[in-house]
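The primary structure of each chain is shown beneath.
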Amino acid sequence: MCGKQRRFFTRRDILRNASLGFGSLAFSSLAAQTKTHFPAKVKSIIFCYMSGGVSHIDSFDPKPRLIKEAGQPMPVPIDRTMFNQNGNIMPSPWEFKNYGQSGMPVSDLFPHMGAVADDLCLIRSMTVKFMEHAQANNYFHSGNPLTGYPTIGAWATYGLGTVNQNLPGFIVLGSGEIPLGGINVYGSGFLPAVHQGSFIYPERPEPLQDITPKADAAVQKRQLAFIAARDREYLTSAPNAQVEAAIQNYETAYRMQTAVPELVDLRGESDATKKLYGMDSPNKEKAAYARQCLLARRLVERGVRFVELSHVAPPGLGGGNSWDQHSNLRDGHAKNAFVVDQPIGALIRDLKSRGLFDETLVIWSGEFGRVPFVQGKDGRDHCPSGFSLWLAGGGVKGGTIFGATDEYGYRAVENVLTIHDLHATILHLLGLDHERLTFRYSGRDFRLTDVHGQVIRPILRG
Amino acid sequence: MPPTGPLAAGEMATLERWISLGAPWPTGRTAAKEFDLAERRRDHWAWLPIRTVPWPQRQLSTSAGRADDATLLRRVTFDLTGLPPTLEQIRAFSLDGSFEKVVDRLLTSPRFGERMARRWMDLIRYSESHGSEGDPDTPQSWRYRDYLIRAFNEDVPYDQLIREHLAGDLLPNPRINEKEGINESRLALAHWRMVEHGFQPVDPWEDRVKWTDNQVDVFSKTFQGLTISCARCHDHKFDAISQKDYYALLGIFASARPTQSAIDAPQVLNLHREGLASLKPRIRAELAEQWRAEVPGLVNRLPLAVRTASLDWLHPLFPLSASDSDLQDWAAKARKEMISRREFNGKNTVKRWNLAEQYSQWPRQGVGAPESYSTAGEFSVLPDGETAISGIYPGGVYSHLLSSKHGAVITSPRFKIDSDSISLRFLGGNFSFAQLIIENYAVPRGGIFNLRDSAKRDEMGWARWDTRFWKGFTGYIEFSTLQEATLIGGDEQDGRLNRRPPARHAGRSWWGAQDMVFQTSQTVLKEELTPVNYVLDAVPATVDEYARYLENRLGQAIAAFAAGKMSDEQAAYLDSFVRLGLLPNRVSPLVAEYRRLENEIAVPRRAPGILEEAGSDHPLLVRGDPKHLGEPVPRRFLTALDGKAYAEPKSMRLALAEDLTKATNPLTARVMANRLYQYLFREGIVATPDNFGKLGAAPKDLELLDGLATQFVVDSWSIKKLMRRLLLSAAYQSRDLPTRRLEAEEIRDAILASSGQLDLTMYGKSVPVYYAHETGATKGDRAKGPLDGANRRSVYLEVRRNATHPFLEVFDVYKPTSTRGQRDVTNVPAQSLALLNSPFVLKVSEKWASQLGTHPDRVNQVYLQTLGREATAKERDEAESFAAETKSMAPVVQAIFNLKEFLYVR
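Protein sequence lines correspond, in order, to chains Y and B.
Note that the numbering used here has the first sequence beginning at 95, numbered continuously upward.
Note that the numbering used here has the second sequence beginning at 15, numbered continuously upward.
In case anyone wonders, no lab produced these hints; they're calculated from the structure.
Just to be clear, a hint being listed does not mean it is correct.
No more than 30 Å apart at the CA atoms, straight line, and that leaves these computed lysine-lysine pairs for BS3-like [said to hold, decoys possible]:
no.	chain 1	residue 1	chain 2	residue 2
1	B	Lys-641	Y	Lys-223
2	Y	Lys-223	B	Lys-365
3	B	Lys-361	B	Lys-540
4	Y	Lys-223	B	Lys-485
5	B	Lys-224	Y	Lys-223
6	B	Lys-470	B	Lys-365
7	B	Lys-430	B	Lys-224
8	B	Lys-579	B	Lys-350
9	B	Lys-485	B	Lys-350
10	B	Lys-430	Y	Lys-223
11	B	Lys-258	Y	Lys-223
12	B	Lys-901	Y	Lys-308
13	B	Lys-888	Y	Lys-315
14	B	Lys-430	Y	Lys-315
15	Y	Lys-471	B	Lys-485
16	B	Lys-857	Y	Lys-308
17	Y	Lys-315	B	Lys-861
18	B	Lys-641	B	Lys-485
19	B	Lys-798	Y	Lys-378
20	Y	Lys-223	Y	Lys-491
21	Y	Lys-191	Y	Lys-368
22	B	Lys-888	Y	Lys-308
23	B	Lys-798	Y	Lys-308
24	B	Lys-901	Y	Lys-315
25	B	Lys-430	B	Lys-365
26	Y	Lys-308	B	Lys-258
Simulated DEER-style distance windows between Cβ atoms [claimed, not checked]:
no.	chain 1	residue 1	chain 2	residue 2	range
27	Y	Glu-501	B	Lys-485	23 to 31 Å
28	Y	Gln-166	B	Gly-638	55 to 63 Å
29	B	Thr-775	Y	Gly-270	29 to 37 Å
30	B	Leu-742	Y	Ala-322	37 to 45 Å
31	Y	Glu-501	B	Glu-542	33 to 41 Å
32	B	Arg-56	Y	Gly-270	56 to 64 Å
Keep in mind the model is a prediction, meaning the values are calculated, not measured.
By construction, the Cβ of each residue, glycine as well, lies at the ideal position given by its N, Cα and C atoms.
With these hints in hand, go ahead and build the complete structure from the sequences.
Below, the structure written as structure tokens:
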């Protein structure tokens, strides 16, 4: 980062110190609670990332032609693939049913999502430019295939700050699985590190790094008193805004020690709610993902801006990309879908029943889709040229389908979209103009959408 | 991109307020009307020559008083070494009072190099892995970190550092570290390899453009304070940098092929070369002598084992027990077979490379890479065991003619892949590789990149690669010994974990290359060179005569061997007798002497390196699009500084280094002087240390900057001298120097150092990273490092792209992407939580508390070692009563690690 930017923050901090006092400096966001560019449609984002790449033609984009031409060579030219083991057309092993008033077709992989189809705004024409997981993961999150760029959660907190001073604005619910490419997909890139995703591990004894006091409460209180007294003297001897903010952090940190355990403590949730999510499932992974979804709702309730869920890999599918079925598609996709389907369906129902749905945007997607022709015996290779994802919540039209792939589900052909368009739309729903949300670094003003991206207006409500 | 459209009134007001607070903002025009390089050059201060001005005494004085001794000592110790002063240092200073002595002591402390190395690592985006899926190692990158520490400690002049960083392999007089036996100049090149690679890119050309772009970015920000990468897609929006300038530089860097290089000094690498080379002809003569004596009657004496052995039917000894007529049938059949093989191979060949003719054009590196192609009859002396040599080789290029410890990489000229497959005939052992490198992609891991083969045999044989998927890309063929390969774990990545050289061969690896065939099919080629070739022309009528005939031929082959002039056919024929054990092949005193010398050769140390190809001008990419090639741009430096095209393709990096370090370059000295100033004064004279362009901050005092830059060059680019001058100025010693928070590494190191637990061991392999989160990189095959980083200084902790040390991360540690001359300083509760609750801080505190025991002076000691000053009586009482209440000193010690007075320096 250039020194200018660092100074920029210091100045702004000073400015804000003057007007808001130190409490709101806790997460040092540039503009916590500042005005948006235009009225926001939603306050928070919940991102259910299906790492590895869900097959769109086996989930949300049925292609009857694949059944008709099963076993025949692809009649259209195909792009280079990761493994170059391109076989003939393989139809989906799953049946599709039409759901709800909208009649949206969803495959048997996702009956619970089907049940909320009228709330889903389905996009069938997404594309990415990168064939491999890590670069596509980075691209999906930051608009750039390489590391070092701020990801969407970081941009969101940079633009909007956090509402809850006791929790970070961008939280990743950790499962131990991380998309290929590593933790950079939650990184803040050249934005200050305050904007990077903080991990909360719902299943671990210490859900947030270093959140659990190891000393007993009395000792820690004594320590804090000692620190506060000494720090006050130090500050008095030479006043300094940065030091003062650092002192203030201890109060926030102390409150977080209570706030985080309270957050992950689900005893207050009813059995019915837990059951709705599937927390009672004997399937360990499903129960774990259910807990993430329930926590996502609790985080949104507490004003956290951006929540990203980590996939929970069924046994044998670990390694950061559990949807990556280069072989054994039927078994792998079925197992993965079983883990996420009910919890995500429940999340939408629960948000609705609590009146949070309209101020939240849920995003469901993998980094790319999967090709309509077989790889090897029974797998599918990556398909970045066209795939499906859905949005649900405030500001978007439920029960609609936007864009289309060709008859084989191979290439997006109608209303073709890029990740930049998706990013522009997400920021738009948060009340931010993707062309105006900039950060100066390395001699120019950077945007999440670089020089690209258009808000996908046809899918917006009102 | 700058925002379009007007801002809302409220935002406008905010901006105005911000500006009124003095935030830097480019003056004048911010968007170009039309790109006029000359005008931009004329209009911007940084392009104009450095004015020769005297040492800026006035600007380095101060009206504020001098800081007190304790503050000053703590300040200078952290600034120069990244550590707090020790008790002894505090006492010495209080007795002596000479700040100058303190400065001189710190500048000569080995800790200085460690501190400066870490600063430089932020600039050069030091990393030990390539990122993306799998996060593969950049093998032995830590050696470059050690290079930096040594270089800064020795105060290697900055212009020399630049030459080494750019062209350490091309310097006529490389800098040799006699003590360590290291060629330091060559080691400096490792940074070129510290790029992020995609995983198995289906378009490796696009990938290559991306990482070469990163090289341009790091080069230009680090050495010139320019954002040249902004001109990849179009002329620079603000600075005097054209799009062509960008591709002129990119072309220079694009001609560097990735490899691992031996970094030992020449005298180490060449140990006993002459001795071995002079022993070899004597061994050859001795073998020939012994063999000659064996020839008469040899066929009659053939051991039963050989006669009854299941020899290939084509072997010359095969028909010895046949009848006379069978012999003739055999000969006819053998001739037919050899003709059909030749025809078959011919039919399947598009093109054949003659290595004997081509080899002089092959870029190569390593002491084992021979100067020339060897004609038939070469051999390699085995390093151990009962046999002296493994066999007689046909013509080819061999890495191990003197020693299999010699590393060697040879690479073909670059070519466009246009055949369906490529076959190579080669031999090798201990995981040497033959591979096809596509678009310089250094970390291929099987799958579509299954273009790599380990021979595992000391006889020539074919391997074939299917290249249909890669038609249209450029690549080159590479033969390399194990440690010269850029991805040593390649076999591991394929799941074949046990394929490592046996321990007794550790450090040995070898190959021999003979033939390269480009094919239309996926057919495996047939052997054309067999021992029978040498006997088929005149097979006699009877088997008895045939036996004499074989002996006769053997005698001729041995004579040719002795004379060092044999044909491939003769070599193959003689080789089969040697390998069948029919000729003596014992360890004579001469061979023993050879082995004794060979055994003394050290296994070379390797580091990431590059190998220069002749290269070519890089096409301009229209709008930066790798698929849209424009005209080639001649390789050269920036138009604004000297745009003359470089003439000599093999030394362009050297020419570039000269352009950076010559007196007329207005940026090099300024940029570095500004960095050194910033390291001491908290903020640079130019507040954007990596951007001296139009959008960077203007210098607060150009005369001061030029004064420092001038002195820097006058002092022969000595970093220590300039820092010393600055340190001894009144301004540095002022009471009013801005407060700064310690950097992540300083905090961790200070916690360890003040508690007496820091292990000051220098150099060596990095301590593996301790990662809080499982990452895609690890997949369980990489052991997690220790929580306390083995108590080593943070500069010795491993830096991986996909995993960050959790404690350092919360304090804004640098993450390797591109040049970053100034760290962020954020304030987050995670920092307080780390200091309050992290097991690392707790562990250190408890250990220190138990060492302190109940010593009456313990509080004072803690204060001195953490804060660099005595505790007041009040502070002592408070701390003691705190300890008494909690019945332990540990919470007290830990609380002190949390004090702002500990975490900040004034």
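Hints and how they fare:
no.	hint	verdict
1	B:Lys-641 with Y:Lys-223	13 Å, holds
2	Y:Lys-223 with B:Lys-365	36 Å, violated
3	B:Lys-361 with B:Lys-540	12 Å, holds
4	Y:Lys-223 with B:Lys-485	21 Å, holds
5	B:Lys-224 with Y:Lys-223	14 Å, holds
6	B:Lys-470 with B:Lys-365	26 Å, holds
7	B:Lys-430 with B:Lys-224	20 Å, holds
8	B:Lys-579 with B:Lys-350	28 Å, holds
9	B:Lys-485 with B:Lys-350	36 Å, violated
10	B:Lys-430 with Y:Lys-223	25 Å, holds
11	B:Lys-258 with Y:Lys-223	26 Å, holds
12	B:Lys-901 with Y:Lys-308	16 Å, holds
13	B:Lys-888 with Y:Lys-315	20 Å, holds
14	B:Lys-430 with Y:Lys-315	70 Å, violated
15	Y:Lys-471 with B:Lys-485	26 Å, holds
16	B:Lys-857 with Y:Lys-308	11 Å, holds
17	Y:Lys-315 with B:Lys-861	22 Å, holds
18	B:Lys-641 with B:Lys-485	15 Å, holds
19	B:Lys-798 with Y:Lys-378	26 Å, holds
20	Y:Lys-223 with Y:Lys-491	27 Å, holds
21	Y:Lys-191 with Y:Lys-368	27 Å, holds
22	B:Lys-888 with Y:Lys-308	28 Å, holds
23	B:Lys-798 with Y:Lys-308	23 Å, holds
24	B:Lys-901 with Y:Lys-315	15 Å, holds
25	B:Lys-430 with B:Lys-365	13 Å, holds
26	Y:Lys-308 with B:Lys-258	59 Å, violated
27	Y:Glu-501 with B:Lys-485: 23 to 31 Å	29 Å, holds
28	Y:Gln-166 with B:Gly-638: 55 to 63 Å	40 Å, violated
29	B:Thr-775 with Y:Gly-270: 29 to 37 Å	33 Å, holds
30	B:Leu-742 with Y:Ala-322: 37 to 45 Å	38 Å, holds
31	Y:Glu-501 with B:Glu-542: 33 to 41 Å	52 Å, violated
32	B:Arg-56 with Y:Gly-270: 56 to 64 Å	59 Å, holds
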